[in-house]
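Heads up: the protein sequence lines correspond to chains R and A, in order.
Per the working numbering, the very first residue in the first sequence carries number 1; after that it's consecutive.
Per the working numbering, the very first residue in the second sequence carries number 1; after that it's consecutive.
If you are wondering where the hints come from, they were derived from the structure by calculation, not from laboratory data.
Careful, some of the hints might be misleading.
What the hints assert, rightly or not - Not everything, but these chain A residues come out facing chain R in the computed CB check (under 7 Å):
(1) M1
(2) A4
(3) D9
(4) V22
(5) A24
(6) T57
(7) G61
(8) M62
We put the CB at the ideal spot given by N, CA and C, even for glycine.
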Amino acid sequence: MRSLKAEVTFNFTNASVVMIDASPICIQVLTGILSGCGFRKMFRCTDLASGTDIVKTHSVDLVLIDPYAFGEGAYNFVSWMRSERRGPNAAAPVIILTAYTYVRLITAARQCGADYVIAKPFSTQGLLERILYVAESEGRRGELTAPSELVSSTGSGVEMF
Amino acid sequence: MSEAVARADLHLELLREKTLAVMADCLAGIDSIIAQIDVTPTPERRKKLHELSCTITALGGMFQRDALSQAAYSFCRLIDATEPGWDAAAVSVHVGAMRLLFTPARVTAEGQAKLLEGLLKVRRHSVAP
Chain R
1 MRSLKAEVTF NFTNASVVMI DASPICIQVL TGILSGCGFR KMFRCTDLAS
51 GTDIVKTHSV DLVLIDPYAF GEGAYNFVSW MRSERRGPNA AAPVIILTAY
101 TYVRLITAAR QCGADYVIAK PFSTQGLLER ILYVAESEGR RGELTAPSEL
151 VSSTGSGVEM F
Chain A
1 MSEAVARADL HLELLREKTL AVMADCLAGI DSIIAQIDVT PTPERRKKLH
51 ELSCTITALG GMFQRDALSQ AAYSFCRLID ATEPGWDAAA VSVHVGAMRL
101 LFTPARVTAE GQAKLLEGLL KVRRHSVAP
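All chains, full assembly: derive it from the sequences and hints.
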């Protein structure tokens, strides 16, 4: 089936994205996908401290974070980012990427102010569609969609396999 | 959008060999840790097994190994569900399935589906009270 967004046009050249994932290979894969989608300003962080530094010192348009290795610290990071003191970055879309999804993660993601949860593995199209979705969904934060499958190459989220 | 997706897929393709090598290393790491387990794994070994399996879950489906991702995910669930215990037989079945599904051409689509169904049954049996 042809995607409804197949002909959508966009330009991410000036958008800055922060990737926070403890797995270097996952960061590389994500970098490959995002650069293909047109992102040029990419910050690659394998720990929360460097992600925090980036948010403190740069204007950020999108955050992609895998909380697996960071536990509660990842959700605290998003909550901290959402605090008003972070200025323009407080409203930046946050997408949680995770290979291991469970109900408590969805609750934590909703409570900390993340915009979406995407299950790994995801397809390039799935990721891009969700980036566009959160970019278009300003003011709808908290309406986390619980996707239909947990492990899916289309990049959906939650199921209990 | 379709052009961007095609470009992104091309970039992903450039990482195929490297990613497959990482997944192979993860499988070898799982084998190595399991070989060191006597009765039940230490919390550190259990955590490492979980991490390695999660890496396979995350990457498999991006490189046409959806069934491998699902088998690895099932293994993660098994590790969690049996904690603090350990079901060596169920673990062995899962690891064997992952090894097989690493080369998906060796198993038909129907065979892969049956294998995953089997893993679900094994896991349910393993955690049944």
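Going down the list of hints, with the structure as the test:
For M1 of chain A, the shortest C-beta to C-beta distance to chain R is roughly 5 Å, which falls under 7 Å, so the interface hint holds. With a least beta-carbon distance of about 5 Å to chain R, the hint placing A4 of chain A at the interface is held under the 7 Å criterion. About 5 Å separates the beta-carbon of D9 of chain A from the nearest beta-carbon of chain R, less than 7 Å, and the hint is met. Interface restraint check for V22 of chain A: the shortest CB-CB distance to chain R comes to about 5 Å, inside 7 Å, so the restraint holds.
Residue-level restraint check for A24 of chain A is violated (minimum Cβ-Cβ distance to chain R is 12 Å; threshold 7 Å). The restraint placing T57 of chain A at the interface with chain R holds, with a minimum CB-CB distance near 4 Å, inside the 7 Å limit. The restraint placing G61 of chain A at the interface with chain R holds, with a minimum CB-CB distance near 3 Å, inside the 7 Å limit. A distance limit of 7 Å between C-beta atoms decides the matter here; for M62 of chain A the minimum to chain R is near 5 Å, and the interface restraint holds.
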